[in-house]
Amino acid sequence: MDSISRLCAIDQTRLDDNRLTQSIINEAVRAGLLSEKQAGDIHLRLICALGECVEWYTAGDSSSVPAEKAQSLFASMIYCLDVYLAALPDACAGVDALENEALYALYRKGSSQAEQLTRAGRKLYEQTLLSRISTGLNAYNDTLDRAIPEFFQTYDVRFGAHETMASIDYPLAASDTGKTGIKYMLWYLQQLILENTYCLRFAAGEIERLIRRQGELCHTDGHELLVNIFELVLLVSYASVMASQPVCGLSISSQACAGLRAKLLSDSHQAFGKARQELFRALEINEPALQACVSRGLDKCEAQLLTAAREDCLAALLMIPPEEENAKIHFSDGEKMQAREFRALEKELRACPDAGHKAALIHESISSFEDLLDILAGGCLYAGEYAHLFDSFDEIMLAMLLKSVQLSPFEMRIAEDEPLHLTENEREWRSEFSGYLKSLEKKRLDGLFRLASRIGE
Amino acid sequence: MELISLALSPERVLQAAVTEIVRTNERSQQYGLCLTPKDAKELALTREYSLRTSGRLEFGGGIVSKLIYAFCDSPYLYQSNYASVLNELTETFYLYKNETMDLLGDDELISLMKEYFDHRCGGSIELLQGRELYLLARNLRFGVRDYLNLSQQDESRDSGTEVF
Numbered sequence: 001m002d003s004i005s006r007l008c009a010i011d012q013t014r015l016d017d018n019r020l021t022q023s024i025i026n027e028a029v030r031a032g033l034l035s036e037k038q039a040g041d042i043h044l045r046l047i048c049a050l051g052e053c054v055e056w057y058t059a060g061d062s063s064s065v066p067a068e069k070a071q072s073l074f075a076s077m078i079y080c081l082d083v084y085l086a087a088l089p090d091a092c093a094g095v096d097a098l099e100n101e102a103l104y105a106l107y108r109k110g111s112s113q114a115e116q117l118t119r120a121g122r123k124l125y126e127q128t129l130l131s132r133i134s135t136g137l138n139a140y141n142d143t144l145d146r147a148i149p150e151f152f153q154t155y156d157v158r159f160g161a162h163e164t165m166a167s168i169d170y171p172l173a174a175s176d177t178g179k180t181g182i183k184y185m186l187w188y189l190q191q192l193i194l195e196n197t198y199c200l201r202f203a204a205g206e207i208e209r210l211i212r213r214q215g216e217l218c219h220t221d222g223h224e225l226l227v228n229i230f231e232l233v234l235l236v237s238y239a240s241v242m243a244s245q246p247v248c249g250l251s252i253s254s255q256a257c258a259g260l261r262a263k264l265l266s267d268s269h270q271a272f273g274k275a276r277q278e279l280f281r282a283l284e285i286n287e288p289a290l291q292a293c294v295s296r297g298l299d300k301c302e303a304q305l306l307t308a309a310r311e312d313c314l315a316a317l318l319m320i321p322p323e324e325e326n327a328k329i330h331f332s333d334g335e336k337m338q339a340r341e342f343r344a345l346e347k348e349l350r351a352c353p354d355a356g357h358k359a360a361l362i363h364e365s366i367s368s369f370e371d372l373l374d375i376l377a378g379g380c381l382y383a384g385e386y387a388h389l390f391d392s393f394d395e396i397m398l399a400m401l402l403k404s405v406q407l408s409p410f411e412m413r414i415a416e417d418e419p420l421h422l423t424e425n426e427r428e429w430r431s432e433f434s435g436y437l438k439s440l441e442k443k444r445l446d447g448l449f450r451l452a453s454r455i456g457e
Numbered sequence: 001m002e003l004i005s006l007a008l009s010p011e012r013v014l015q016a017a018v019t020e021i022v023r024t025n026e027r028s029q030q031y032g033l034c035l036t037p038k039d040a041k042e043l044a045l046t047r048e049y050s051l052r053t054s055g056r057l058e059f060g061g062g063i064v065s066k067l068i069y070a071f072c073d074s075p076y077l078y079q080s081n082y083a084s085v086l087n088e089l090t091e092t093f094y095l096y097k098n099e100t101m102d103l104l105g106d107d108e109l110i111s112l113m114k115e116y117f118d119h120r121c122g123g124s125i126e127l128l129q130g131r132e133l134y135l136l137a138r139n140l141r142f143g144v145r146d147y148l149n150l151s152q153q154d155e156s157r158d159s160g161t162e163v164f
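Residue numbers (the numbering used here), protein chains in the order written: chain A, 1 to 457; chain V, 1 to 164.
Treat the hints as calculated values from the structure; they're not laboratory data.
Misleading hints may appear alongside valid ones.
Claimed, not checked - Keeping only pairs whose Cα atoms sit at most 20 Å apart, straight-line, the calculated DMTMM-like set for lysine to aspartate or glutamate is:
1) V:Lys66 x A:Asp61
2) A:Lys347 x A:Asp312
3) A:Lys438 x A:Asp391
4) V:Lys66 x A:Glu55
5) V:Lys114 x V:Glu91
6) A:Lys442 x A:Glu216
7) V:Lys114 x A:Asp61
8) A:Lys69 x V:Glu48
9) A:Lys69 x V:Asp102
10) A:Lys37 x A:Glu115
11) A:Lys69 x V:Glu99
12) A:Lys109 x A:Glu126
To be verified - To give an idea of the interface, some chain A residues facing chain V are shown, with a C-beta separation under 7 Å as derived from the structure:
13) Asp61
14) Ser62
15) Ser64
16) Ala67
17) Ala70
18) Asn141
19) Leu144
20) Ala147
21) Pro149
Stated by the list, open to error - If you want the ones that stay clear, here's a sample from chain V, every Cβ over 10 Å from chain A, calculated:
22) Pro10
23) Ala70
24) Leu127
25) Ala137
Remember, predicted model here, so these are calculated numbers, not experimental data.
Backbone N, C-alpha and C fix where the C-beta goes; we use that ideal spot for every residue, glycine too.
Just chain A, with the same shape it has in the complex:
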């Protein structure tokens, strides 16, 4: 058969990337490029190659291995053969190689190629770390910090190439393709980079708020959830665009949600079409790979939004809190003290030895939040006295202080862009406040962050 006929003979769409060797043999038989006897001979030669592989594995010390180990070595050998064949120009070249070359030699070549893929995977992992989302989601961080490095440490490209020994808990939006070994890891990292790239267009604090809200709806700590951050963010951002809300805000009001529902029920097709274009434009999604990743995600989002609109549970799907929880709090400060009175108060506080007395004095004397901040930064309190004072504040006051120090919600430390002009005393009370918050119950702390986010400028 001439080369043109051979090129057309094998239907490439019928080849299974995850079982390439077997599917090439099957398709070659189907296309008449191989007879059944030739296919059988290849299988027998594979057994002989397995014998050489076993000899390599045992370093020539043993002529026999447990059957399970032989099966595993065989699977690894086939995996490496798949890697080798996938790198050839087409399936016909694969058939030629299987027929005419020593299969053990092909396995060794495939093993070397798998080693190169592993090196590429390590580099891809480093890129993934650079695109990492700042989040407290345990599954995400555990996967990046422990599971993936463990995979690269334990991956045996010679005798366990087909294995994926890693506890990768963080789920991706893309569905599992049935890949294993290094091919799976490469796919996982590539997808994760795309998802991270999309999510990095949004503020970490807003993403964290979504995760916490999801946790509340599930009556658990949001950081313990096995959720995909990209799916959460994509859903809310897409809905925001359709509801004519700021796309990066990741927040939709109840009224906007009602309007969105009406839009979806009247003409969802048009709504989705326009919204997709707007989303890509607003977030400058121009790279083809990212567009494909987002488009796949949007297909799922559209189905979810349409179903939720019909079932009248759009607010739950988009995690919109009840109206009263969302209402802005407007703050207007009280009257500031005169300078002379303020200095007298500072003197009295510094001389006072009792923490409880100090707290009571502050409550009695100060009616302005600005004065409170000045007292905290005035060096009037020492060590454990801060906690005593903070204990005496109500939730609103604590939320006000939280807003004023700009704490990173999941790292519980002062933001890295803290003003350089802060005095020693200002740093001290902020540090004491951060330590105090860390001692609070998680539920109460989440409530404070929510309250702080409602306080208007």
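Assemble chain V onto chain A, guided by the hints.
Just chain V now, with coordinates in the frame of chain A:
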């Protein structure tokens, strides 16, 4: 691809194994030991059976020949017990390849079997299996560095306590 479905013709494999076993007579006959083709076939079948029951796969059939060459000069082998002992040694070999968790190479295990058979077990397969090799496997499973030192376990033998 199931390995079982890709097996070579059983008859051809058996015939090749029998031929190789009979060839060992060239060396063993100087010790007055000889295997008939019937003995060789039985030995080859014992090897197949042992591999199957021990859950192992073997590439190349040289183990029986290795056992023959290692044991043919044993003072405890006679023409009358030659075939039966070789059958038992073959079963013992594959059993203890598993029991020692493949930590010993073929040659090392055969060498130890010969050492124990001749110098510690008085030619008794029961003692070889149930005492010396049992203790050796136990040392290996427990990660004893000096795994060849079976004497620490000998207290139970001297006191008459059963080891197994």
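Holds or violated: the hint that Ala67 of chain A contacts chain V, with Cβ atoms closer than 7 Å.
holds (5 Å)
Next item in the hint list is Asp61 of chain A. Is there a CB on chain V closer than 7 Å to its CB?
holds (3 Å)
Hinted pair, alpha-carbon criterion (20 Å max): Lys69 of chain A, Asp102 of chain V. Please report holds or violated.
holds (11 Å)
Go through the hint on Ala70 of chain A and say holds or violated, using the shortest Cβ distance to chain V against 7 Å.
holds (4 Å)
Over 10 Å to the closest beta carbon of chain A is the bar; see if Ala70 of chain V clears it.
Fine: 14 Å to the nearest Cβ keeps Ala70 of chain V off the interface.
Given Ser62 of chain A as an interface hint, is the shortest Cβ-Cβ distance to chain V below 7 Å?
This interface hint holds because 5 Å falls under the 7 Å limit.
Taken at face value, is the distance from the CA of Asp391 of chain A to the CA of Lys438 of chain A at most 20 Å?
The hint holds at about 13 Å.
Given hint Asp312 of chain A paired with Lys347 of chain A - CA-CA distance at most 20 Å:
Violated, because 61 Å separates the two Cα atoms, which is more than 20 Å.
When the least beta-carbon distance from Ser64 of chain A to chain V is tested against 7 Å, hint result:
holds (4 Å)
Regarding the hint that Ala147 of chain A lies at the interface with chain V, is the smallest CB-CB distance below 7 Å?
Hint on Ala147 of chain A: violated, closest Cβ of chain V at ~28 Å, above 7 Å.
A closest beta-carbon separation below 7 Å is what the hint needs, so does Pro149 of chain A meet it against chain V?
Violated, about 28 Å.
Is Lys66 of chain V close enough to Glu55 of chain A, meaning Cα to Cα at most 20 Å?
Roughly 17 Å separates the two Cα atoms, so the pair holds.
The structure is inconsistent with the numbered hints 2, 10, 12, 18, 19, 20 and 21, although it conforms to all the rest.
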